[in-house]
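Here the protein sequences come in this chain order: A and B. Letter by letter, the first sequence follows residues 1 to 466 of the numbering used here. Letter by letter, the second sequence follows residues 1 to 466 of the numbering used here.
Honestly, I wouldn't trust all of these hints.
[Unchecked claim] Below, in silico cross-link-like pairs of lysine-lysine (DSS-like), each with a Cα-Cα straight-line distance of 25 Å or less:
1. Lys282(B) <-> Lys6(A)
2. Lys158(A) <-> Lys414(B)
3. Lys386(B) <-> Lys357(B)
4. Lys258(A) <-> Lys357(B)
5. Lys134(B) <-> Lys122(A)
6. Lys134(B) <-> Lys125(A)
7. Lys258(B) <-> Lys282(A)
8. Lys122(A) <-> Lys386(B)
9. Lys379(B) <-> Lys282(B)
10. Lys134(B) <-> Lys357(A)
11. Lys282(B) <-> Lys21(A)
12. Lys403(A) <-> Lys414(A)
13. Lys282(B) <-> Lys68(A)
14. Lys378(A) <-> Lys403(A)
15. Lys68(B) <-> Lys386(A)
16. Lys386(A) <-> Lys357(A)
17. Lys122(B) <-> Lys122(A)
18. Lys21(A) <-> Lys21(B)
19. Lys21(B) <-> Lys158(A)
20. Lys282(B) <-> Lys134(A)
21. Lys68(A) <-> Lys122(B)
22. Lys379(B) <-> Lys403(B)
23. Lys134(A) <-> Lys414(B)
24. Lys282(A) <-> Lys6(B)
Since the hints were made in silico from the structure, they are not lab data.
Residue strings, one per chain:
2 protein chains.
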Amino acid sequence: MLNIDKNSAVPVYEQIYRQLKEQIIDGELPSGSRLSATRTLAADYHISRNTVLTAYQQLESEGFIYSKVGSGFYVEDLPEIDNSAARETIQSETEDEDHDVRYDFRYGNIEPNIYGTRSFRKALKDALSELELKTSLSDSDPRGYLSLRQALAEHLLKVRGVVASVDQIIITCGHHYSLKMISEFFPREEYRFIMEEPGHQDTREVFLSTGYHIDPIRLDENGIQVNRLSRTRKALAYVTPSHQFPLGYILPFSRRIKLLEWAQETDSYIIEDDYDSELRYKERPIPSLHSLDRNDRVIYLGSFSKSLSPDLRISYIVFPRKMKIEQLAVHPLLNSSSPALIQLTLEKYLRSGEYLKRINQVRNSFRRKHNLIIDFLKKNYPEQIKIYGSGGGTHFILELDTKMSQKQLIERFKKNDVGVYPTKGFWADQSQSHENRIMIGYAGIPEDQIEEYLERLKTVIDEVLC
Amino acid sequence: MLNIDKNSAVPVYEQIYRQLKEQIIDGELPSGSRLSATRTLAADYHISRNTVLTAYQQLESEGFIYSKVGSGFYVEDLPEIDNSAARETIQSETEDEDHDVRYDFRYGNIEPNIYGTRSFRKALKDALSELELKTSLSDSDPRGYLSLRQALAEHLLKVRGVVASVDQIIITCGHHYSLKMISEFFPREEYRFIMEEPGHQDTREVFLSTGYHIDPIRLDENGIQVNRLSRTRKALAYVTPSHQFPLGYILPFSRRIKLLEWAQETDSYIIEDDYDSELRYKERPIPSLHSLDRNDRVIYLGSFSKSLSPDLRISYIVFPRKMKIEQLAVHPLLNSSSPALIQLTLEKYLRSGEYLKRINQVRNSFRRKHNLIIDFLKKNYPEQIKIYGSGGGTHFILELDTKMSQKQLIERFKKNDVGVYPTKGFWADQSQSHENRIMIGYAGIPEDQIEEYLERLKTVIDEVLC
């Protein structure tokens, strides 16, 4: 018995399909039973035979019934179906994201906004125009668009002294992804992983998750102590020579040369993370380690997170010339995964010359914030604080004369609606970290609100100092 | 001795910096030697003392010189520098990408183009407007934008019967990435990986690369043979129930129920890859396996590659309710990595109702191409070919009556400027694959050129048939 409503928005064939399916699942139509002939059903309900047939064919496709030539349709032999468990409905569960603080000194945020600028919109428009001309949409080159890699190679040569052919460059969808790619490309049984201590927490986690053993090398006041590097063959050494993360040291020239020699002698590779090299506030940018490398031993990492926006998710790797990047490209994970629209927009932006202007704009803005905040702190607390890693980038480490633990400190700031961040995770050996050091990022503070941010910061610092 | 040109475009401080740096590297200024006092140098060249100081400070930052208070600047003790090896310059090496064929039947390509459509541009514009209002640019939620996950949850409920809260959904930058995420989340020591044989080649490679053992289960004419699944506890079973990849079978209802029961009984999870479920050309779309699951055992995968564009690189995972997705989100790789602009554009597109229209448009276009090509082949080769997996999706498998090997076949097509693709890689045990079967994708063929494509296909088929 079917309920057919010819005036319903639901097509008749679908009404038949749904009701029969329900009857089969409920057992009203038991296994093996024969369905009414299409002709009969059509006549009974004054509908076309084709309509019935469409419903039957759908049921057949899904495996509820089968047909016997010349004999009709029969219900399949179906297993018992547990229909008792009521289906939960969608609950709009509350997101337990961190409650946003009003005064956020989060590392990684940046301001000014790129999306409203004429130059970015022009590049986006040009990218769209190029894409709409494609007759067939396809996945792009797993290494990234050739035209973008060309534009990037030219930019890197000009600005960072990095000599790279397009065949060495892979575009990725973010810094994590770049690191993950590298960690997957090298056989972890063969290579040790060396990194700065303290160093970039996420890098450590990525390589740990891929199964590497981590060998931390302590910093002194000039950065990584190259003479402490083991002479055992084959290592990957992750360094941030232009602006050590998180402490801000610049690796001296003599150590750079020794580091490169070490790599050549031990058949190792250096991963140079050049994450914010354009952002120096007193000096010119520090030349890249890659530009000194004569032996093809440097894997160079860069990103547009600090200069354009972190939410564009676009980074890149320059692999050594000797590596067979064609082999890389067939690894299932070694796929740039950056959308065509984003890649082409960046290409147009680089070629238009607007990117260099943007870097200047961003650097000037960050420098003003940097100077305001550093001067403010030094003036108000000439004795009770120390600052590490100022002079470049988007953050510094603030050491406070306090007995509170890092956790207590951060909680206290948060209670006052101020976001400051822990430094413990930068250490492989967390017992070496200082409880009284916190991380302050300033690049994301809107320039017209910086006074307000500083006053609020001061209120809490006054509370926590000894 | 310095060469200072006050009329040069290069700032004077930079001229000093460059020349001194060169003299230090070349050994003309040996280690330990004292640089001219800033006052002297300034007087000698009639420049300001500040200019000299800026140059000296840059050299100091980079570790070429050091200062002694009250005594001046001295050259650092630098290691020998090998300057002999001439630096190679950028070579514009030829890309050895596959020579593009004129008539490409590549799986994964799609047409019609989305980028020029008014609805997509509207969504993009709205996304831009939202982004430009942000005071501070930051990395977005690693699970993906909440608003997109909400829009997607509503869409999945309506169209695929998938009941999911936003907390279960993660947006990813492509299908590979989704698979990689899953492969990293489950401990590979604990879970076996089961997949269809033949099955999706890239899936096998991703799980192999993460260190899983692969357990292939042979298909019969209804898809995966559920009764062959081992009863050992804890497995991940990758299936394509709505349209088996690559052979096109629809998993019957009875097997779906048994598969779900098996997962519950063995404490296993089913990875349902619903990669092209909207694309049925005779029936309605087949309901998802997820919609039948009462025990929270299905991980549901979807993508916008077939409906919008493969180069948007946007996919998603619906995790089971019981999994702590908050834990997932802190894993360094478990980061959606899809740019904010792309996510928000998709969200606007979904909410505008244009996505459903687009699916209809795409389905109608693919159906027309499907019917033309299938009819053409059946009419011309009533006896000498077999077709597997037609009726839905964007490809089928073509079996030819020929003695040629798959490699020879594909070469022959390529010589005639026709791209057809191998099927061998779909088998874990390649000896089981058929030499005379090739893969034909048709979704990317421009509709107005399809006759030309078919004629050319026929020319080559005539050549290779026995």
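Status of the hints after comparison with the structure:
The hinted pair formed by Lys282(B) and Lys6(A) meets the criterion: a straight-line CA distance of about 22 Å does not exceed 25 Å. Of the pairs offered as hints, the one joining Lys158(A) and Lys414(B) is violated, with about 41 Å between alpha carbons and a cut-off of 25 Å exceeded. Restraint check for Lys386(B) and Lys357(B): not satisfied, since their Cα atoms lie roughly 34 Å apart, outside the 25 Å limit. For the hint pairing Lys258(A) with Lys357(B), the CA-to-CA distance comes to about 62 Å; that exceeds 25 Å, so the pair is violated.
Only pairs whose Cα atoms come within 25 Å are accepted, and Lys134(B) paired with Lys122(A) is accepted, the gap being roughly 20 Å. Restraint check: the Cα-Cα separation between Lys134(B) and Lys125(A) comes to about 21 Å, which is no more than 25 Å; the hinted pair holds. Between the alpha carbons of Lys258(B) and Lys282(A) the distance comes to roughly 69 Å, so the proposed pair goes past 25 Å and is violated. Between Lys122(A) and Lys386(B), the direct Cα distance comes to roughly 51 Å. Violation of the 25 Å bound is thereby established for this hinted pair.
Our distance criterion of 25 Å between C-alpha atoms is met by Lys379(B) and Lys282(B), whose separation comes to about 20 Å. Between Lys134(B) and Lys357(A) the CA atoms are separated by roughly 21 Å; this keeps the pair inside 25 Å, and the hint holds. For the hint linking Lys282(B) to Lys21(A), the alpha-carbon distance of about 18 Å falls within 25 Å, and the restraint holds. At most 25 Å may separate the alpha-carbon atoms for a hinted pair to count; Lys403(A) and Lys414(A) meet this at roughly 18 Å.
A C-alpha spacing of about 20 Å is found between Lys282(B) and Lys68(A), which places the hinted pair at or below 25 Å, so the restraint holds. Between Lys378(A) and Lys403(A) the alpha-carbon distance is near 20 Å, which keeps this suggested pair within the 25 Å criterion. Restraint check for Lys68(B) and Lys386(A): satisfied, since their Cα atoms lie roughly 23 Å apart, inside the 25 Å limit. Distance hint between Lys386(A) and Lys357(A) is unfulfilled; the C-alpha atoms sit about 34 Å from each other, more than 25 Å.
Restraint check for Lys122(B) and Lys122(A): satisfied, since their Cα atoms lie roughly 16 Å apart, inside the 25 Å limit. For the hint linking Lys21(A) to Lys21(B), the alpha-carbon distance of about 82 Å lies beyond 25 Å, and the restraint is violated. For the suggested pair Lys21(B) and Lys158(A), the alpha carbons sit about 19 Å apart, so the restraint of at most 25 Å is met. Pair hint Lys282(B) plus Lys134(A) does not hold up; C-alpha atoms about 29 Å apart against a cutoff of 25 Å.
Taken as a hint, the Lys68(A) and Lys122(B) pair is broken in the structure, with Cα atoms around 52 Å apart against an allowance of 25 Å. As the CA atoms of Lys379(B) and Lys403(B) are separated by approximately 22 Å, the hinted pair is consistent with the 25 Å bound. About 22 Å separates the Cα atoms of Lys134(A) and Lys414(B), which keeps this hinted pair within 25 Å; it holds. Our distance criterion of 25 Å between C-alpha atoms is met by Lys282(A) and Lys6(B), whose separation comes to about 22 Å.
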